[in-house]
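Using UniProt numbering, the first residue of the sequence shown is number 1, and each one after it goes up by one.
Please keep in mind that the hints were generated in silico from the structure rather than gathered at the bench.
Being a predicted model, the structure only gives us computed values, none of them experimental.
It is possible that part of the hints are untrue.
Cut-off 27 Å, straight-line C-alpha distance, at most; resulting in silico cross-link-like pairs (BS3-like, lysine-lysine) [stated by the list, open to error]:
(1) Lys350 <-> Lys368
(2) Lys103 <-> Lys236
(3) Lys236 <-> Lys198
(4) Lys214 <-> Lys225
(5) Lys222 <-> Lys198
(6) Lys225 <-> Lys259
(7) Lys259 <-> Lys222
(8) Lys222 <-> Lys264
(9) Lys368 <-> Lys324
(10) Lys256 <-> Lys198
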Amino acid sequence: MLQPIVAQEKKFSAGIADDQWQVPAEGKAQWVKSNAKRAGDGPSLEEAVQRQLALVTALSGRGGVFRADWHFATGLGLPHPVENGLAWHHTLGVPYLAGSAVKGLVRAWVEVWDDSLDDEQRQQRLVTWFGSLDQAGAFLFFDALPIAPVNLRADVMTPHMGKWYEQGGEIQDWRHEPDKVPADWHAPVPVPFLVASKPQLLFGIAPRHRDCPKEELDAVFKALKQALDWLGAGSKTAVGYGQMQEDESGTRQLYKDQKQREQKQREAGETRRREAERLAERERLDPFERSLLDLIDARPDKNQSEIVYLIGQVKSGRWQGVEKQQVARWLENRMKGTKGQWKPQSQAKKPEKDRDYQNTLLVLQWLKG
1 MLQPIVAQEK KFSAGIADDQ WQVPAEGKAQ WVKSNAKRAG DGPSLEEAVQ
51 RQLALVTALS GRGGVFRADW HFATGLGLPH PVENGLAWHH TLGVPYLAGS
101 AVKGLVRAWV EVWDDSLDDE QRQQRLVTWF GSLDQAGAFL FFDALPIAPV
151 NLRADVMTPH MGKWYEQGGE IQDWRHEPDK VPADWHAPVP VPFLVASKPQ
201 LLFGIAPRHR DCPKEELDAV FKALKQALDW LGAGSKTAVG YGQMQEDESG
251 TRQLYKDQKQ REQKQREAGE TRRREAERLA ERERLDPFER SLLDLIDARP
301 DKNQSEIVYL IGQVKSGRWQ GVEKQQVARW LENRMKGTKG QWKPQSQAKK
351 PEKDRDYQNT LLVLQWLKG
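Please construct the entire structure, taking both the sequences and the accompanying hints into account.
Given below as structure tokens:
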């Protein structure tokens with residue numbers, strides 16, 4: 001099922017675009033303004049993030065939460081009626097950064113910006129981390145997903161020389177084609193687009209092989225942090241978009257949540273195992289004893305003792321004759337197996353008020369028939 005904002009893109013032409021898929025300027029601004037709001041479903045994002053973090057952890061990888069300092073935009077070059085698209089996650093309906101883009105960002109840092117490496121070290125790292133035509137890279141780069149619903153805002157760019165960028169190479173005589181010449185007399189053309197405001201994203205990197213040294217994983221994650229800090233991720237990084245810092249408290253909280261989630265899953269698995277054993281054991285019982293257990297399971301007040309409940313049922317006349325004796329034998333065994341329940345004798349000053357003693361007397365009486 002498409003998330004709401006993605007669905008809106010699919011039916012964008014309804015009332016905004018014409019039959020030629022052309023959108024008037026006011027239509028673009030209208031669409032951007034109408035979608036400048038909170039996007040994404042919290043529980044769905046939490047589930048997706050926890051699953052991805054569990055996968056990264058299972059692969060002996062490392063995850064980290066990063067918060068954008070300002071705006072974040074990705075996929076502005078994607079085809080879209082408002083000219084500037086946004087890379088939407090297909091099932092979560094939020095902006096995200098594809099794993100291939102994360103890999104490209106880290107590679108760009110290593111290839112161009114990391115001045116701690118000499119040429120030989122740089123080339124070796126590029127081949128080892130990112131692969132070549134002959135081999136796969138040593139690391140897997142996961143999609144960067146928002147950990148919570150994203151606040152979308154309307155932004156605008158004002159290009160002055162669109163014709164120059166589009167048709168500058170086709171100029172025959174600049175004197176007769178002034179609109180294609182790069183000059184400061186051109187009026188800016190506002191182009192609206194959507195951005196995510198200070199989102200928090202989970203980045204994950206895992207080694208392709210389990211024998212990868214931890215130091216190597218730490219090094220590639222350090223390169224990711226430096227790239228996000230100095231270069232930025234996504235579009236329009238030259239003006240400060242996409243620069244991110246690691247949110248260490250957010251990372252710790254995410255790992256804490258993961259441990260709690262795993263603990264709950266283990267407890268649920270143990271509960272299912274015990275229930276399966278209980279049902280298997282019940283199948284080995286004779287039909288009458290099985291019917292007793294079914295009756296106990298169906299008692300209205302689950303806090304009521306099984307022994308007290310069955311004694312009450314016997315008193316009400318539910319069973320007679322041989323069946324009554326069978327119930328009495330079951331009660332005898334259960335009471336003997338429960339500390340303090342089977343009391344053929346009472347040390348109480350008022351034995352008539354000793355409930356366990358009185359229950360034992362009743363069962364002994366029923367056993368005699």
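Outcome of the hint check:
1. Lys350 <-> Lys368: holds (25 Å)
2. Lys103 <-> Lys236: holds (18 Å)
3. Lys236 <-> Lys198: Since the Cα atoms of Lys236 and Lys198 sit roughly 15 Å apart, the hinted pair holds (cutoff 27 Å).
4. Lys214 <-> Lys225: Within the cut-off at roughly 17 Å; holds.
5. Lys222 <-> Lys198: holds (21 Å)
6. Lys225 <-> Lys259: This hinted pair holds, its Cα atoms lying about 24 Å apart.
7. Lys259 <-> Lys222: holds (24 Å)
8. Lys222 <-> Lys264: violated (32 Å)
9. Lys368 <-> Lys324: OK: Lys368 and Lys324 at ~10 Å, within 27 Å.
10. Lys256 <-> Lys198: holds (23 Å)
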